[in-house]
Amino acid sequence: MADVVCCLFARGGFDRAAQGILGAGRRLADSLGGKLHAVAIGPADDAVAQGAAAVADNVLVVDHALLAEYHPEIYLDALASACKPLAAKAVLLSNDAYGQELAARLAHRLGGSAAGDAVDISAAGDQLRVTRGVYGGKATAVIALNRSPGVVWVRARALEPAAATGKPAGKIQKLSLDLKDSARVKVVSRHVEAKEGARLEEARLIVSGGRGLGGPEPFKELQALASAMGAQMAASRAACDAGWVPPSWQVGQTGKKVAPELYMAIAISGASQHIMGIADSKVICAINRDPDAPIFKHCRFGLVEDYQKVVGPLREKLGHSK
Amino acid sequence: MNIIVCIKQILDPEIPARDFRVDSAKREAERGGANLVTNIFCENALETAIQFRDAHGGKITALAVGPDGAEDVLRKALALKADDAVLVVNEADSNPDPLFVAQALAASIRKIGPFDVVLVGREAGDWGAGQTGGLLAEELGVPCISFAESLEPGAAGTLQVKRQTDTGWELLEATAPLVATITNHEKNVPRIPKTRDVMQSYRKPLTKWTLAELSLDPAKAHAYSEVAELFIPRKETQCEFMAGDTLEEKIDAFARRVTEVMRAM
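Chains as they are written, first to last, in my numbering: chain L, 1 to 322; chain X, 1 to 265.
Please note: incorrect hints may appear among the correct ones.
[Claimed, not checked] With a straight-line Cα cutoff of 25 Å, these simulated SDA-like cross-link-like pairs (lysine to any residue) come out:
hint	chain 1	residue 1	chain 2	residue 2
1	L	Lys317	X	Cys239
2	X	Lys187	L	Ala194
3	X	Lys111	X	Ser94
4	L	Lys297	X	Lys235
[Unchecked claim] Facing chain L, a subset of chain X residues (Cβ under 7 Å, in silico):
hint	residue
5	Phe20
6	Thr165
7	Leu171
8	Ser225
9	Phe231
10	Glu240
11	Ile251
These are computed hints drawn from the structure, not numbers from a lab. Keep in mind that this is a model prediction, so the values were computed, not measured. All residues carry an ideal CB built from backbone N, CA and C; glycine is no exception.
Chain L on its own, in the form it takes in the complex (with noise of 0.2 Å):
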């Protein structure tokens, strides 16, 4: 019982994610002597196969005409079928919503202990600890998780890809689980919010707004800044439940955790909640005009202004210097 599952949504592609929670795996699996399994579930997609074959010591390809589009209750059952019998010490999932929603209940069901939002996963003797920030991203936690697995979703796109060994390739099986469909939940309908470019999480460069913008009209202008940068537009939750944008813009605790080269917060205040969903960023800068703001505390630099007399001007000099 020293084996790690990594368990990757097919849909998702061979994204920063995949990548990231397959490297975290792979040095867990190293440092407790064990095999690398990944549970690609979902339509089958080769990239995804062959990017998890080169870390992996076995890869399996869950796909099944149930799957081709999540289902909670469904993918719940595949993926407990699919790692049960590898009975192992870890499984892994990255910090996306369907990934969260499903570790609990895949530890319940693997009679393991879960955790999540884990910056770091370790082994002490029989135990799995994982580190994560609790009270709003105010003080860090070491969790020992009592049973096993260890269930953890991770902040996978924070953590370090695996190093190139030249192991050679994982194999590749493909599994056939008997799934049923549920009577119980059906999926009516899906909406993706329409936004240009890369998903959020993906995103290297993102620009902000807050509470201080006051309202929906703000977003605008910062929309052309975005625009000019090549950036992706954010929001904190302030912004986002005064409905001024969709939920989907939400960065902190509770919504995405971004790691961008750089995340420029304007008018964002900086309570430590939205800190936790920035704080893997490489450089974060802020334009919010009280000097005193929290959000300056993350900064690498920062300019003290209110943002009406800023962004304009700006965007004229990012969208000429590119």
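Got chain L sorted already, so can you dock chain X onto it with the hints?
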């Protein structure tokens, strides 16, 4: 429609970081002068339940697990017109693990009687484990829909649940009973109770059960997980504030820094 709303009392998450202290030996936050409050997502859950009941009928039972003082968050729920309130008194441990909490909730829900939907907050502002809903659904043997923002009656006695995803939203149709975890949304911003209703809430009945009455063993409060360490992380970022005699100069300096980062990408 029987709706159960699970409610957690937590240390006020709005304490500024500079005033926040932890007791590393006890592995818990120091309360200091801070208030204990209702977890915001539990308030969103209660608000969702109230809107559903007021539009379509039904009964709301507010349920909490915690020390005797957690009665306060249930009184607040009663002030917001929850129909019933049940507190599972656990003085033994201030931070039981997520499975123990889910088992305590499941045992109380079975004792309360038949239910259609259990609403819980997506996570709590203290430990933020985000596991109560999922584990509770498994304990009760019912489906779970996470990150729900609203609930409506669907066709033929089903429930329509709108839930947030990473890229937008999904509409799901579920047959009761089920568990849903509630996230924040502009439509479920919690209402404020009227002063008169707060006063009256103290005259309403509130049921208390002990762990023993639910056949729960406090010795198992960490069979699933425990906090091994708790500390305040050190931050070392030093912010360079843009200087300049004019606004233009400051904006120039800021733009230069941004360009440097973009070129290094």
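Okay, the hints, checked on the actual structure:
no.	hint	verdict
1	L/Lys317 <-> X/Cys239	22 Å, holds
2	X/Lys187 <-> L/Ala194	21 Å, holds
3	X/Lys111 <-> X/Ser94	23 Å, holds
4	L/Lys297 <-> X/Lys235	8 Å, holds
5	Phe20	5 Å, holds
6	Thr165	5 Å, holds
7	Leu171	4 Å, holds
8	Ser225	5 Å, holds
9	Phe231	6 Å, holds
10	Glu240	5 Å, holds
11	Ile251	5 Å, holds
Violated hints: none; the structure is consistent with every hint.
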